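Novice: Next come the chains, spelled out residue by residue.
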Amino acid sequence: MLNSRTRRAVLDAAIVAVVVAGMGIARGVYSNELMLFNFVMFLTLSQGLNIIYGFTGYLPFGYVGFFGAGAYGFALAVMHLHLPALAAMGCAALAALILAVVLLPLLRLSGAYFAIASMAAAQALYEVIANPDLEDVTKGPYGVSLSNVFAPALSYYVALAILAVTLLLVVWLRNSRFGMSLQAIRDDSVSAAMAGIGVVHGRTVAWVLSALIAGLVGGVFAWHISVFYPDTAFDLSVSIFSTVFLLFGGATTLLGPLLGVFILYGVYNVIGIAVPQYFQFTYGALIVLLVLFLPNGLVSLLTSRGIRVP
Amino acid sequence: MSPESRKSEPLLQVQELVKRFGGFTALAGVSFHLDPGEVLGLVGPNGSGKTTCINVICGLYAPDGGRILYQGKPIGGHKSHHIAKSGINRTFQSPKPFLSLTVRENVELAAHYGDPNPGFDIDALLAELELDRYANRPAAELNSAQQKTLDLARAMATEPRLLLVDELAAGLNPAELNRMAVRLRALADKGMALLVVEHLMGFIDKVTDRVVVMAAGKEFFGGTLADATKDPEVIRVFLGGGHHG
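Chains as they are written, first to last, in numbering that gives the first Met the number 0: chain A, 0 to 309; chain B, 0 to 244.
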């Protein structure tokens, strides 16, 4: 039993290696670095969301709040503390962590109530940061410029490292008893508690990990693009895209969100460049078809036949 | 249980337990006790507070009054997972398996987090409960009787000293019923205390040593089932309405 579990984990880790190496090589052969960076960003964000939604069943529409907190954590550290970029990344993580701890009581809610409350929290944070009266601190709605730390190559590879760690974290959750205990809590929190599982502890760990990942992605986003506005850092479409990619591919798996990003974000970019007038139509149709025929995502084509998907 | 533990002290003492939901009093000061190796039946009409009683003992609800002593220590209001680790477990009226996990994983989690003695044999337990054939199937594929058995397996994987059994017999066919009664009796003979909530009196008769009859959140009869059926008050509550709370 243990042996087959180890074998699975090794196989899953091989997928991680292929994806990370592939995205690293792509930067050398493809010139649109911003598009590749966005791919890395969404690959990471959809897996971060996977940790909280796929493993515990909480779907935070306000996931972008952690991303924005990370972006501004990074920006404030660079602007006011004059920290080097890598140290400012630590502040990005810290900002998301603090937000996660402040929002812990939201886990008392469930379903749509939780989703909406988390969105309201993200919106509240946005309103504070974009407040013109705070211009001296956050630059308010006028946006920040971090040109003194601009380093497109290094920030790309840091984003890649965050992706690698996130994917390995999901591999661990997929193959560990802790990950299994989270799924048990998601399936039935009452009987999970009677099995001796600390329900609050499990949910808290998943929530904090998920927030931390979004915060780090937000930080590296701020670093990579270096000029941005609160509207960009708290853009709700960050939440929506991550959620759609996750659900399209299939939550609770490693492969599902990866497929979701590569296929849907790929289609998004192809249509966006070739026939932008059909973009919303095509995207809408894809999502309608998915909800109607594959509500559990692409991977359910295999899992419903009893085939294990990494 | 440690061998030198005082024989005189009951394993579980429920004293004047009160539980309210808003304006509704589900438990109005119920009291009873349970010794190691004893099977106590908790019977009463629908709504008399039997399941609420189990839910409060296992930590799902905090009591609003009264005390629950387990091995002499108060446990009222403790978190469920601590109660599970301390040796109390339960089954559910409608089974609650982890549907996305396999049967073996269901039991494995309880055997890991529920703190049984080291070297607990999951496969032997599955074989004993005739779940070994489905060990690697998702729990969602089991029928309802099998899911109830899985509930029992998961509870047993935490090696409880006290097992709360909430309407395990409902929905089982006569053959399954008989097997379940034999199983529960065997657990008690090995020293486990059982609190059995059940509507099927035949099942209660086969399994329990003693019954407590409840109505409107309070016990009003304690003794053997045979004596209970002769008690005029018990007959009135079950057959001649008025008390349905």
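It is worth saying that the hints were derived from the structure and are not from the lab. All figures in this text were calculated on a predicted structure; none of them were measured in a lab. All C-beta atoms in this analysis are idealised placements derived from N, C-alpha and C, irrespective of residue type, glycine included. Do not take every clue at face value.
[Stated by the list, open to error] If we take Cβ atoms under 10 Å as the criterion, some of the chain A residues that face chain B in the derived model are: (1) Val28; (2) Ala129; (3) Pro131; (4) Leu133; (5) Ile184; (6) Asp186; (7) Ala191; (8) Met193; (9) Val199.
[Said to hold, decoys possible] Which residues of chain A face chain B? A partial, calculated answer using Cβ under 7 Å: (10) Val19; (11) Gly21; (12) Gly139; (13) Ser175; (14) Gly195.
Novice: Hint by hint, work out which the structure violates, then give me just those numbers in ascending order.
Specialist: Hints 1, 2, 3, 4, 10, 11, 12 and 13 contradicted; others consistent.
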